[in-house]
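Protein sequences appear in the order of chains A, B, C and D. Per the UniProt record's numbering, the first sequence starts with residue 1, numbered consecutively. Per the UniProt record's numbering, the second sequence starts with residue 1, numbered consecutively. Per the UniProt record's numbering, the third sequence starts with residue 1, numbered consecutively. Per the UniProt record's numbering, the fourth sequence starts with residue 1, numbered consecutively.
Treat the hints as calculated values from the structure; they're not laboratory data. Note that beta-carbon positions come from the ideal geometry of N, C-alpha and C, so glycine has one too. Wrong hints could be hidden among the right ones.
Cut-off 25 Å, straight-line C-alpha distance, at most; resulting in silico cross-link-like pairs (DSS-like, lysine-lysine) [claimed, not checked]:
1) Lys483/C with Lys483/B
2) Lys283/A with Lys503/D
3) Lys483/C with Lys483/D
4) Lys135/A with Lys267/D
5) Lys503/A with Lys135/C
6) Lys331/C with Lys503/B
7) Lys503/A with Lys78/B
8) Lys503/A with Lys197/B
9) Lys197/D with Lys503/C
10) Lys78/D with Lys503/C
11) Lys483/A with Lys135/B
According to the in silico footprint, chain C covers these stretches of chain A (three or more CB under 8 Å from chain C) [claimed, not checked]:
12) 106-119
13) 126-132
Protein chains: 4
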Amino acid sequence: MSKNNPEKIITADQVAQHNTRESCWIIVHGRVYDVTEFLPDHPGGMRIILKYAGQDATEEYDPIHPPDAIVDNLPPSKHLGRLDEGSVESIKQEQRIPTEEEREMAHRHSTKPALSECISLHDLETVARHVMPSKAWMYYSSGADDEITLRANHSAYHRIWFRPRVMRDVSRVHFSTSLLGQKSSMPLYVTATALGKLGHPMGELNLTRSAAKHGVIQMIPTLASCSFDEIRSAALENQTQWLQLYVNRNRDITEKIVRRAESSGVKGLFVTVDAPQLGRREKDMRMKFDDVGTDEQKESGEKIDRSQGAARAISSFIDPSLNWNDMGWLKSITNMPIVLKGVQCWQDAVLAAQHGCAGVVLSNHGGRQLDFAPSGVEILPEVMSALRDHGVSTDKFQVFVDGGVRRASDIIKAVALGAKAVGIGRPFIYAYSAYGEEGVDRAMEILRDEFEMCLRLLGARSLDEVTPEMVNCSNLGSADIPKDYLFTGNYERLSGLNDKMSKL
Amino acid sequence: MSKNNPEKIITADQVAQHNTRESCWIIVHGRVYDVTEFLPDHPGGMRIILKYAGQDATEEYDPIHPPDAIVDNLPPSKHLGRLDEGSVESIKQEQRIPTEEEREMAHRHSTKPALSECISLHDLETVARHVMPSKAWMYYSSGADDEITLRANHSAYHRIWFRPRVMRDVSRVHFSTSLLGQKSSMPLYVTATALGKLGHPMGELNLTRSAAKHGVIQMIPTLASCSFDEIRSAALENQTQWLQLYVNRNRDITEKIVRRAESSGVKGLFVTVDAPQLGRREKDMRMKFDDVGTDEQKESGEKIDRSQGAARAISSFIDPSLNWNDMGWLKSITNMPIVLKGVQCWQDAVLAAQHGCAGVVLSNHGGRQLDFAPSGVEILPEVMSALRDHGVSTDKFQVFVDGGVRRASDIIKAVALGAKAVGIGRPFIYAYSAYGEEGVDRAMEILRDEFEMCLRLLGARSLDEVTPEMVNCSNLGSADIPKDYLFTGNYERLSGLNDKMSKL
Amino acid sequence: MSKNNPEKIITADQVAQHNTRESCWIIVHGRVYDVTEFLPDHPGGMRIILKYAGQDATEEYDPIHPPDAIVDNLPPSKHLGRLDEGSVESIKQEQRIPTEEEREMAHRHSTKPALSECISLHDLETVARHVMPSKAWMYYSSGADDEITLRANHSAYHRIWFRPRVMRDVSRVHFSTSLLGQKSSMPLYVTATALGKLGHPMGELNLTRSAAKHGVIQMIPTLASCSFDEIRSAALENQTQWLQLYVNRNRDITEKIVRRAESSGVKGLFVTVDAPQLGRREKDMRMKFDDVGTDEQKESGEKIDRSQGAARAISSFIDPSLNWNDMGWLKSITNMPIVLKGVQCWQDAVLAAQHGCAGVVLSNHGGRQLDFAPSGVEILPEVMSALRDHGVSTDKFQVFVDGGVRRASDIIKAVALGAKAVGIGRPFIYAYSAYGEEGVDRAMEILRDEFEMCLRLLGARSLDEVTPEMVNCSNLGSADIPKDYLFTGNYERLSGLNDKMSKL
Amino acid sequence: MSKNNPEKIITADQVAQHNTRESCWIIVHGRVYDVTEFLPDHPGGMRIILKYAGQDATEEYDPIHPPDAIVDNLPPSKHLGRLDEGSVESIKQEQRIPTEEEREMAHRHSTKPALSECISLHDLETVARHVMPSKAWMYYSSGADDEITLRANHSAYHRIWFRPRVMRDVSRVHFSTSLLGQKSSMPLYVTATALGKLGHPMGELNLTRSAAKHGVIQMIPTLASCSFDEIRSAALENQTQWLQLYVNRNRDITEKIVRRAESSGVKGLFVTVDAPQLGRREKDMRMKFDDVGTDEQKESGEKIDRSQGAARAISSFIDPSLNWNDMGWLKSITNMPIVLKGVQCWQDAVLAAQHGCAGVVLSNHGGRQLDFAPSGVEILPEVMSALRDHGVSTDKFQVFVDGGVRRASDIIKAVALGAKAVGIGRPFIYAYSAYGEEGVDRAMEILRDEFEMCLRLLGARSLDEVTPEMVNCSNLGSADIPKDYLFTGNYERLSGLNDKMSKL
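Next up, chain A with everything else stripped away, as it sits in the complex (with noise of 0.2 Å):
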């Protein structure tokens, strides 16, 4: 909204007049936008803005756009003022009818499982999956393209197997570590995601609290739903936060959210270089088609490809050209330690040290962005070999991964080959949608009692103890590759005579 001029009020009744194709104003958190011709540029398509023409669309807005989406994106004309706030009145009678979805939301929410019944991260997410939107599901679920890296992630840490020792004095473990300089109370962080609030109103302010009370370190994501200051205010004065940063086309802008980070005690710069554009994400492209029905469309003779244009609309604010001659002005705005987040090959970690980061992320985005990308543990023994090759020391210079990881055990698996801390992002995200910030609680928990039981039962003392020597990852790079279920699901079954024969 304009700076300095004084706000000119407008009454809902003005607002409601424009409430077609033509004209249309929408309020968002009390102020009143004209986006008529922002109609056909916004990446979810313009039909879930005319369900909201001469309403207010704060409900809908809020969980899929970063704070500011709308400022930023409407020239300040389209600006028109703040709304009068007496003069709702009128439309907030028209009491919300809950949707069906709604209700059964809500029912469900009313007999799910005790908390306590959540045994395992496998739980938090079971609960979530069948409390939460399917269209917030969906969103946090889903993978790139056929899924097949976002299911890998997972299934690496299945192809490694312990070597436990026994006869070893293993009445006292610990497992607290030091990342980037900063204490953590666990080999893991609460690695950054969008959107948080599709899953709980109170969104990524979940994983502050809750991160504060169990001693590990949470990376601020640049597409919160909570805005950065939220998050930064949620914090204890101690505890530690990083900043997960998309590069902007306008460098200007990334350098004042850098140096605002910085200035308000952000501990670490986690650069995504994994997304110079967005991927291919099925499932959550499938729900914007429901969302708007196909007959309307048919008719309506609109050809628009929104999916493409969600990618494209996103990309124009990440920028692609982002590259390694871009470390210097990265490293002149901030004294924070840099760390590239996505990296996945050990040339480009050894091309990270010899930029001066203070480590990389093995990280494919979650198995987002593109399919077939390896996961973070399948490249990490590579990634170490090839760092000591080149002489980099990597107690300084660390190494993280991230995805797939439902387990402490996973996490001592990437410890044993050289992880310093693993990255946790969905199953923190479902504890939270199915339960709030005791959801959280529970999965800090859970985890906590794993390493105790985990490094107790392999003989290892502290994380110092747990050796590559105590895994065994031979069939790390084997063949284990995850269904392809649309092109099997379009393979005629080959059945002879049976179906003929099961008739007579």
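Add chains B, C and D to chain A, keeping to what the hints say.
Same frame as chain A, but now just chains B, C and D:
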């Protein structure tokens, strides 16, 4: 039909009297033929012809046969003359009532999803599978024997994984290329497939027109439903087309076809070398039996194995004696670059280069010929290596692959391993079977968008930057064998006492 | 029966009075036997005999027993005499009413598909499975223990892939060969299997007659339902037959059998060496229990383990002491080439050659003996290699394999790896169980057509051109283990909270 | 209970008054205990005790607890005295009505198959699974975490194949052996498992008695439902038994147990080293929740995590500090051979030999401790090789394995790879849970018959002839990972347009 004699005019009534096994006339494209003696030789069995005895068989004939089949297969004496169109009225008046299947298909077509809902080639295939007549679906989708190779063609791509690079300026990515000296907007071409009208009345013309719009090369099939001239005429002036060739036992016929193609502007000759005899395709064979009904068959005491007949009949036109010694003759009749389509081992690729071919297509005929033949992409690395070892320039001698491709990422994997381009057949057929020409357009757009995204996420700005180091094919040769449905369908599972106990 | 004494004549009424456990007479093939004392020793349990106490048991006896079993197993004193055929009337008048299963089977036979609809050996098996009595199907199809080897026999072929050659003149392809000096139209033979009449009243004669027509060699089983003489007599004059031999504890019996075979014109002796004791075949064992009913059993307090009895009983006839030292004796009693059937490692193949055998069959008895024995084709490469290393000429010393074959392409793979021919057992039994002799004819035709097509598509004009280079068996030794149904059937799947949530 | 004071006599009425959370008395085996203060510390949660507040809890207590648990866990002051048996009448009169599950179980027991129908250990397990109470089945069958190791224990055997020899005189085969100097009729022993009465009221005594009959050694568990003295007393005079030992934090208790065992004639001491803390067994944990009901739980606001409590409680008795330095002490208190049970890598096997142990059991506690620990048989080859490399005589130092065994052929595979014998646990428990002592007899007979058959078919006349060359374990280390049901249960399959099309 006879060239110089004025054609006799025959009335529909006259034709209608020859409606028995003893004397069987049929009308095709306005000409009348006596097929009585041909009945036992008909590859598809005599029953299907007798169904149209004394009537117009054009509608049934059209999608199944190359346009001139009847003319070529019957001696001139059986070309009885031209139908008196005026006499047809009485026959046509018996308004044909649509069959159950036709009405079902019409219903499905009218309720199928909007084209924009198809967001992958798999979707187009899914729609096609449901809106096509069974016979067409079974013909197109069938593979040889146990369809192991059919499915392995696709799954081989899933054993090739990416090694993506990050921090590269991928603002702009290009994927145009040059194939046999002709421009192509993408590293793919429309490969030849038979009987295009089974899926859509416009048949191969759907491909011609869409290929033109998208700057993609089309390979014209010998066994097209549309005639060569129709397909050439539908092409734009600068549109590149190639010709797929089955060499005829009668070399004069082949020479005529090749010379006509070259003079009409065709830019490449792809000689099919993997089909000295047609493969055994169970789904297709099964359809024929259902067509005629088993009861009648048993009553008639007929023991002819029509399936064998089909293979033998078509073999009689394709020359199984074609061998390396014929290369001299082939090169003598054309200046078009000659590419052998259906090479399945490195030795034959090297021989092709040594015999002056312009390239090879590593192909197993879409899994329709010899089951357990390897997929093209699976042998690609050893072929490239052998060519280099034998001093063959792989710039000049171009290697193509086909079979099993469903995504641009599949193609990029093949390109990384050395392929110049990839042939796509069934997916485009399914596209137009479901949505006509627009379906093919959609398939092309999907592929184009996938190319752009995939290259960007891979960190490659052009096909030159897609190098062997960008893929991990260490599992390409590992065992990953599609399920043997016929064997397992007959296997009686051990159940121990489980069945018994379940009933307690 | 006693040779020299005139037989006593006994009436049906007399027999009918001995219908109890205390005195049990039965009629088999017109002779009367007192089996009272034999009851507890009967391998199949006493109950099944008591069912026919005082009656004619021929129909039940016939398919299960070698023709002379009863004569050989009972002491002469129990051979009571000949039945007075005239006295039978009264018994026969109780017209036997067909059982439920018999009527069901008759219905299935009358509605089964036309033979020409069977387009692969799998189809013939499918029909057989549905039209055979359960007991026969279970007996033929069963394997040892978990049936791992049974299934691995087939799946091993799926780990061998072709490397086809193109551009060879394959106008004419030949696949006749010479086995132990005898002509064979295809590189296969009908191998020996027991109890042929379970599937069809003509039993093994179906095989003899069809083999004659197709120029294929038949191996006559020791445990055939038809007698040796019947099978020899059914052969054409120039038809080649071999004899399969279980060596008897009583070597005189064996010598008599062998000499009779040689003098009657049998051309090869296949000594089974993988069955010193019969394997454990669960499906077959399970059938026996169902036969007698568990309630009666419990009431009777009977604790005899009939399954154990069966194995022990048959072991008492087969000599488990047979060893290499017996080779001298074996060679002394015959000039027929001797082949050891059931060799399962290269060491024994080399020993066989060194002991003067004419060849070996790499076989695990169709997966019916030791589970987890390797398939013949899986050890074929190492056997061929070891023979060469030990200076054995593999022209003279012929290597056969059997087990798991369903297509000519399987056979060609074995030939490529060095096998002279492949034995086929169950598929031919299934063929005649479904369609009698014509079924076997059909199977032979299918194989012949597959040979022709496969050789042509492989680029081989004769078996000589089917070389090791034409197959890729690099995955032959890789793990591909059939599912363990009994173990997994007992495993209780983890479901987490999924079951609970699904019910909300 | 207090040793020297005369016990107070308490009436049932008195007990009945203490039936609340505030004052809770219970009767166990005729003694009265005040458990009020113990309630929050009860590993199984307080709710289950409160169910019996003021009543006799013996029936519930018995199968779950080691006999002296209550005496050991409560301070003497809470041992209130002896129950006045005469006073019980009134309570007992409320004739307990069998629960729904009990009646269902009784019905199942009465209709289960005859024992002779069980022809493999799998069958006994199947029957047990259906006739046992859920709680018992879940306790016995459960494994750690995702039960990957649980299942891998069995599937590892399926990656070991035989290389059978033929033409050996196998008239007689022997498979008796000597374990730690004691005779054993087969190369197997009954290994220790906890809570034997859950499956059958006679508990471990079923094993003792059957083991005696079959010449098999039994290992007595520390956590048996029957007391040590009961189990020793049930043994025959010459029957060999071993003792499984959890070392207590209080070494005096351990010393007392060990000395008592040795003086009573126990012949071997198996120290469990893989359980410094109990593993996480989901099925078992899940049972506890169902027991108490989630609604009550929520109302009560109770947040205690009973599952954690259980692990911690039992950890408080087992000493997690046990280490190699304790070996001197252990050897000082006994002359029995000491074997470490739960070794999981070659390094610890070598250390055990160097510390004077008599052997090791390669074991992962039946897959109940650390998930992704390797199976015993999988590491057997490297253990044997390392022992030889370190100069350890594997005649004197004996290596055992356990876990996953279901057939004698499994055991023979382990013997071929160097194991002296194999421990069998669950299968014998299932056997008696289904059929009592006779079930164990049946299991022993089945194994004995399988040994005889398997050795004969393998061509080995004794265990000495079962050599490493007789097995092919080249795939033993290959990836064959049991399915991850929790992860895949949450995965939302991609279905493309298939669902939509199926509804057209």
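How the hints compare with the structure:
no., hint, in the structure
1, Lys483/C with Lys483/B, "holds (13 Å)"
2, Lys283/A with Lys503/D, "holds (19 Å)"
3, Lys483/C with Lys483/D, "holds (13 Å)"
4, Lys135/A with Lys267/D, "violated (65 Å)"
5, Lys503/A with Lys135/C, "holds (21 Å)"
6, Lys331/C with Lys503/B, "violated (57 Å)"
7, Lys503/A with Lys78/B, "violated (45 Å)"
8, Lys503/A with Lys197/B, "violated (34 Å)"
9, Lys197/D with Lys503/C, "violated (34 Å)"
10, Lys78/D with Lys503/C, "violated (45 Å)"
11, Lys483/A with Lys135/B, "violated (28 Å)"
12, 106-119, "holds (count 7)"
13, 126-132, "holds (count 4)"
Checked against the numbered hints listed earlier, the structure breaks hints 4, 6, 7, 8, 9, 10 and 11; every other hint is satisfied.
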